[in-house]
Every structure is written in C-alpha cells, then in structure tokens.
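Listed in order, the protein sequences are those of chains A and B. Going by my numbering, the first residue of the first sequence is number 1, and it counts up by one from there. Going by my numbering, the first residue of the second sequence is number 1, and it counts up by one from there.
In short, the hints are calculated from the structure, not lab data. Cβ coordinates follow ideal geometry from the N, Cα and C atoms, glycine included. Be aware that one or more of the hints could be misleading.
Said to hold, decoys possible - SDA-like cross-link-like pairs, simulated, lysine to any residue; straight-line CA separation at most 25 Å:
no., chain 1, residue 1, chain 2, residue 2
1, B, 149, A, 110
2, B, 13, B, 41
3, B, 149, A, 116
4, A, 60, B, 107
5, A, 68, A, 15
6, A, 105, B, 88
7, B, 149, A, 62
8, A, 112, B, 88
9, B, 159, A, 112
10, A, 60, B, 47
11, A, 112, B, 143
12, A, 60, B, 150
13, B, 58, A, 137
14, B, 30, B, 56
15, B, 110, A, 133
16, A, 112, B, 87
17, B, 34, B, 47
18, A, 105, B, 147
19, B, 122, A, 133
20, B, 56, B, 82
21, B, 134, A, 144
22, B, 134, B, 66
23, A, 105, B, 41
To be verified - Per label pair, the in silico range of CB-to-CB distance:
no., chain 1, residue 1, chain 2, residue 2, range
24, A, 10, B, 11, 30 to 40 Å
25, A, 89, B, 158, 30 to 40 Å
26, A, 89, B, 24, 53 to 63 Å
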Amino acid sequence: MLKIRIISEYYMRSFIINLIIYIVIIGGVVVGFPRALSWYLGTPYPMAAITSGSMWPVLKEGSLVFIKSVDKSEIKVGDIIVYRNDKGFTIHRVAELRENDLTTKGDANFQKDAPVKYENIIGRTFTVFNRPVVIPYLGMITVMANNK
Amino acid sequence: MKNFINNLIERIKGFSFSQWWEKMTGEPLKTWEKVAGVVLLVVFLLVFYITLDANKFKATVRVIEGESVIGLNPTTERLDFGDLSRGTSAVRRVEVKNDIPLSTYVVMVKTGEISSLIDISKNFFRLKPREETKIEYSVYMPASAEIDKIYDGRVYLFKIPLPARK
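Just need the whole structure built from these sequences, with the hints factored in.
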C-alpha cells in the first residue's frame, strides 16, 4: 500500500514539474517571440496580416508579413511600407516621395492613395534578397475577423 | 476456376476481423478498439462520399491588352472567364440543387493562381432539402495582372449532409 502511494506521489510530482516546464516554454514562445521580434525589427508592430488583394500578386490576402522600422531618409520609391490611417493600417508600395509626405499605390490598384505624412509610417516590409518575407495563410484569422 | 471462386466465397463468409486481428497481434480486440474502429470507418466513408460527390470546376481566365476589352467563352463545362483586360470583370453563375432529403452544408474551396482573383458570392451556407440556389463567381482583373498570362485553377464545391433539424 505504501509502495503504491510512493509511486503515485512520484508520478504526480513528475507530472506537475513537466506541466510547469511546458507552461513556461509555451508562455515564453507566445509572449517572448513577439517581444523579441519587436526588439529585433525595432517596431511595436513587427507583424501584419494582409487583409485585401490590393498588393496582389506580391502580397496575397491572408498572408503574414514582417515589418521593420524605417527612417525617413531610407525610404525609396518601390518600397512596400506600412502606415497608419483612418481605416487602420495600409500596406502599399511607395510611388512618389516628397519633402513632407509621400504617395503610395497598391500594385493591383489603378489609382494612387492620398498623401501619407512621414510620422504615420510604421515601417517597411522586412525583405530578404529584395523580396518581402511572407508566411502564407498565417494571417487568415485576421482576414476572417475583418470580414465578420 | 469455379472451385477457386467457391473457395474464395467460403473464405469471405468465414472471415472474422476480430479473429484475424487476434491471429496477427496475439491479443483480442478490446471494446474501445472496436468502437474506435467503427467510428473511424464511418468518418472515412463520410469523407469518401463527400469527396466523391464534390463538383469540380476548372477555372481559367486570360489577360489581354487594352481597356475595357472582354472576350467571353460561353462553355458550361468549366468556369471559363474568357479574355479580360485590366480593370474589367466577368461573372459566371452555377446552380446548386440539394437533391437529397437532408439539409446540406455547402463549402467551396479555390485552388491555383486564379484563386486570388475569384470572388464567390456566397460560401459556407446551408441548403434545405430540395432547395436550389445560384452562386456567382466573379473575376476582376487587377492592374498588376500580367498581360497574355493565363491564370487557372479549380473550384471544388463540397456538399456535406447535415442531420435533420427540428
């Protein structure tokens, strides 16, 4: 009887220790990963979901992109930038650069957007070999939430 | 040949899965294993039926140069949106009828390069027994579409039978 109790206590303790380890690992990934990404990319918004087809075919609806902070002097025509506006956030390509603002245009759109002030720019898409790093389908939840 | 067939029929008649399992593994099937096996078989048959019953449409569109130019290809076998210039759109309609006496849940899945261009008027909806509905598939050609390129893909229409609602 005592042997059974010792074994069950041993298994219970081992189970609790394992559970704590798993919670620490999952918590670290869930909380730590975005923070680490935010620190590395230098922006409070390190990831963005593509919620429309305006940048098709470079950025497809439902994909997830990484955003890197960018200085005004680093922005070039052709860069894909993220900026804040009345509707929320927009991810479009820079079409024109001016002293106080810039103009963007979605690749799939026919018309340019309204001018964007530099202070509203959050960042530029994180690129590797001049191509934005995209994770397909990972932004689908945001797209569904937007459509609801 | 006749003997062989008779022999085969006798073997099939005398076949017992439980006995075969016991012979293979050395242990008889447990109750939960039997239940899990039946559940898995039912799920497999359901998925098999839904997949087999699905309508598959080949979808295609060609991008042409010019402004407001549309060339339609009136075929009923596939979702052919014809030739479209940038900024134009085409619509094709498909009638869906629920022939079975149970409600069905309709789910459509788009695949291929055309999938980002196709907009489906309604998806993920319930069809009552004997109910009929029209689904519109529209394609809008964006400014970034490549001239002379053919975008194609497939649209799968799955009809999932649902239990009767009171």
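25 Å limit on alpha-carbon distance, applied to hinted pair residue 58/B and residue 137/A: Distance of about 23 Å is within 25 Å: holds.
Run the distance test for residue 159/B versus residue 112/A: straight-line Cα separation, threshold 25 Å. 42 Å, violated
Keeping to a limit of 25 Å between CA atoms, is the pair of residue 149/B and residue 62/A held or broken? 24 Å, holds
Holds or violated: residue 30/B and residue 56/B, Cα atoms, limit 25 Å. With a Cα-Cα distance of about 41 Å, the restraint between residue 30/B and residue 56/B is violated, given a limit of 25 Å.
Range hint compliance [Cβ, residue 89/A to residue 158/B, 30 to 40 Å]: Because 34 Å falls inside the window, the suggested range holds.
Keeping to a limit of 25 Å between CA atoms, is the pair of residue 60/A and residue 47/B held or broken? 30 Å, violated
CA of residue 149/B to CA of residue 116/A, is that 25 Å or under? Status violated; Cα separation ~34 Å.
Satisfaction of hint between residue 87/B and residue 112/A, Cα-Cα up to 25 Å: 15 Å, holds
Going straight from one Cα to the other, do residue 105/A and residue 147/B come out at no more than 25 Å? 20 Å, holds
Quick one, are residue 122/B and residue 133/A close enough, alpha carbons at most 25 Å? Since the Cα atoms of residue 122/B and residue 133/A sit roughly 32 Å apart, the hinted pair is violated (cutoff 25 Å).
Holds or violated: residue 13/B with residue 41/B, Cα cutoff 25 Å? Within the cut-off at roughly 20 Å; holds.
Does the alpha-carbon distance linking residue 149/B and residue 110/A stay inside the 25 Å limit? 19 Å, holds
Hint check: violations occur at hints 3, 5, 9, 10, 14, 19, 22, 23 and 24; the rest are consistent with the structure.
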